[in-house]
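As numbered in our numbering, residues 1 to 215 make up the sequence shown, in order.
Because the hints were derived from the structure by calculation, they are not lab data. Ideal placement from N, C-alpha and C gives every residue a C-beta, glycine not left out. Just to be clear, a hint being listed does not mean it is correct.
[Said to hold, decoys possible] Using C-beta positions, here's what the derived DEER-type ranges look like:
#, residue 1, residue 2, range
1, 40, 214, 40 to 48 angstroms
2, 36, 187, 42 to 50 angstroms
3, 214, 37, 38 to 46 angstroms
4, 125, 41, 18 to 26 angstroms
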Amino acid sequence: MTDSPELARRAATWAGHSLDDDRVARLTAYANWLVAEAIPAGGLGPREAERVWGRHIADSLAFSVGWGNHPEEILDVGTGVGLPGIPLAILWPDTAVTVLDRGGRRIRLLMRAVRVLGLENVRVAQGDVFDVADEWHGLTFRGSVRAPEAVGVAARLLGVPGIAVLGLSRRLEPPPRAPELIGVAEALSMEARMVGVDPEILDGPAWLLIMRLGV
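Given only the sequences and the hints, what does the whole structure look like? Please build it.
Written out as structure tokens, the structure reads:
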């Protein structure tokens, strides 16, 4: 499968959303920035340039399956170089996206990306999610926090109504701990379900945990 913007279109369509030409152009600018600046700075591995669309941008857009309509706000926990927060902000320009990370170098990269891409709906924040105390109506976690801890963070931070999407795995088989995680989420008063992304949509399979509170 060729790594190209077509993967982003497929992922958005699979999730129930659409990308117009302007959004694709912005995503392309972000992909170019990842290759030109984020990878040389160590924000992604040196081999990721060959699969930046399928492994990173389309994968990020798959997180939008958690929402039927664009959410009012999203806190992207442990965003790294803006994944999935920046692709979601491009998909939903009316959503206020806060990209949170602890690393100072990554924060500088994020501020540069937001400036270069002209993303007025993105705010860059430095800190640890375990120090966050305010409520959020949307949360995303893409491998930044261990899954059991992410479920606990979602239960603590989600307002009503609230939705959190957690990236579980990119392996072929369903994550064996998924039933346990769903049980923990339900014990914490959230509805939870696992969603598998068709391998033909991305550059391979993906598994997401969607948690809802009062939705």
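* Any hints from earlier that this structure breaks? Give me their numbers in increasing order, please. => Hint check: nothing fails, all pass.
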